[in-house]
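Chains as they are written, first to last, in my numbering: chain X, 46 to 253; chain P, 390 to 587.
Simulated from the structure, these hints should not be mistaken for laboratory data. Warning: the hint list may mix true and false statements.
According to the in silico footprint, chain X covers these stretches of chain P (three or more CB under 8 Å from chain X) [what the hints assert, rightly or not]: (1) 401-413; (2) 433-445; (3) 573-580.
Some chain P residues flagged as far from chain X (calculated, every beta-carbon gap over 10 Å) [unchecked claim]: (4) LEU421; (5) THR429; (6) HIS453.
Where is the CB? At the ideal position from N, CA and C, for every residue including glycine.
In case you want the letters, here they are:
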Amino acid sequence: MSGGRAGRIFWSNLGRDNPVFVQILGICSTLAVTNSLRNTAVMCAGLLFTVVCSNVSISALRRWIPGRVRMMVEVLVIAGYVILVDVFLKAYAPDIWRQLGPYVGLIITNCIIMGRAEAFAMNHPPGLAFVDGLGAGLGYSYVLLLMAVVRETLGYGTLWGVPVLGAGWVNWTVLAMAPGGFFVLALLIWCIRGFSFSRGPRGRGVAS
Amino acid sequence: MTHAAGWFAIFLSAVFTNNILLTNYLGMCSFLAVSKEVKTATGLGLAVALVMTVTAPINWMVYHWLLVPLGLEYLRFLVFIVVIAAFVQVAEMAIERASERLYAALGIFLPLITVNCAILGVSLFMIIREYTFAAALAYGAGSGVGWALAILAMAGIRQERLSRARVPAGLDGAGIALVIAGIMALAFMGFSGMGRGL
Chain X
46 MSGGRAGRIF
56 WSNLGRDNPV
66 FVQILGICST
76 LAVTNSLRNT
86 AVMCAGLLFT
96 VVCSNVSISA
106 LRRWIPGRVR
116 MMVEVLVIAG
126 YVILVDVFLK
136 AYAPDIWRQL
146 GPYVGLIITN
156 CIIMGRAEAF
166 AMNHPPGLAF
176 VDGLGAGLGY
186 SYVLLLMAVV
196 RETLGYGTLW
206 GVPVLGAGWV
216 NWTVLAMAPG
226 GFFVLALLIW
236 CIRGFSFSRG
246 PRGRGVAS
Chain P
390 MTHAAGWFAI
400 FLSAVFTNNI
410 LLTNYLGMCS
420 FLAVSKEVKT
430 ATGLGLAVAL
440 VMTVTAPINW
450 MVYHWLLVPL
460 GLEYLRFLVF
470 IVVIAAFVQV
480 AEMAIERASE
490 RLYAALGIFL
500 PLITVNCAIL
510 GVSLFMIIRE
520 YTFAAALAYG
530 AGSGVGWALA
540 ILAMAGIRQE
550 RLSRARVPAG
560 LDGAGIALVI
570 AGIMALAFMG
580 FSGMGRGL
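Construct the entire structure; sequences and hints are all you get.
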């Protein structure tokens with residue numbers, strides 16, 4: 046395993062192949078908690094742990110997983126790690142655990158974890174799978190954390206539960222509610238893509 | 390309030406006010422990927438509605454009659470996902486038999502129903518809200534119908550309107566779909582007074 050290759054895999058997950066912006070994967074389970082920075086951070090930590098561990102485990106087991114049932118095996122491995130996260134949160138952060146409700150369990154069905162297992166871990170050694178999982182998890186987390194900063198600040202006037210915008214601030218309630226999540230993500234995607242389009246010559250895609 | 394009215398209220402609120410896609414963001418991946426054509430969206434919507442309606446009561450029975458008596462509640466994620474995967478496998482074979490064209494159109498998305506967050510999400514919400522068996526059935530069916538309704542509306546907009554619209558390059562594809570989903574979520578919030586009448 047060369048350092049250069051691992052580095053490329055890591056950085057491409059943060060930028061060029063970012064799971065959220067470019068592949069639009071895995072936003073389901075975490076988008077719902079992005080109106081609170083603290084909950085988002087906890088979810089991202091759980092996701093990072095799960096994607097790294099499951100990537101390494103599946104990569105280590107890849108020679109023994111029969112092709113026909115590989116999806117099932119992948120899901121079961123992922124579910125095992127998510128149960129660990131769930132039990133850990135329930136024991137050490139019961140308040141956050143209660144607020145997150147079903148969303149911790151929904152990390153299992155986060156497409157990114159499954160996608161990395163299927164597309165990368167099944168045909169790469171554990172060392173590279175570790176780097177790839179770390180990159181995918183971080184690439185995902187920074188986007189979600191950015192969204193949480195925007196939504197919590199404008200939606201509630203607070204950041205990590207601390208008031209930051211002063212008493213005169215009128216909350217943009219819609220940003221804290223469901224539609225706000227869609228709008229903020231769309232705007233972020235627009236900004237990032239607009240930026241990368243302006244640098245590289247890439248034709249306008251057909252309207253889909 | 391009679392039982393039946395209560396179940397009907399749960400069903401309606403799952404379809405409209407608490408639409409699992411537009412208020413809880415569950416099932417977004419397939420929602421964005423398969424909503425370009427009305428025909429495939431209909432197929433996937435029906436498949437998801439069917440799987441949700443059936444798996445919610447099955448998971449209710451497994452949880453309350455098997456896991457709770459044995460004290461194994463923490464294994465619920467694993468057990469739910471296995472139940473869902475097994476049922477999807479059966480549904481996949483049935484669709485393959487029934488309609489070759491639908492099977493070809495849905496392609497890789499059928500196995501992905503297993504990891505459709507909305508389906509696991511319905512089972513988890515149902516446990517957290519402590520629904521009874523009938524309420525779980527109403528909730529599963531309502532969420533399924535709501536999800537199908539949302540993806541159908543989205544596919545209609547994307548196929549009929551968006552294909553003729555000039556969308557800024559950076560917003561093309563997923564970006565504009567998210568904006569539409571946001572507007573749809575706003576529209577669905579308009580139903581929120583409805584539940585109180587019952």
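| field | Hint check, failures only | value | Hint check: 2 and 4 fail, others pass.
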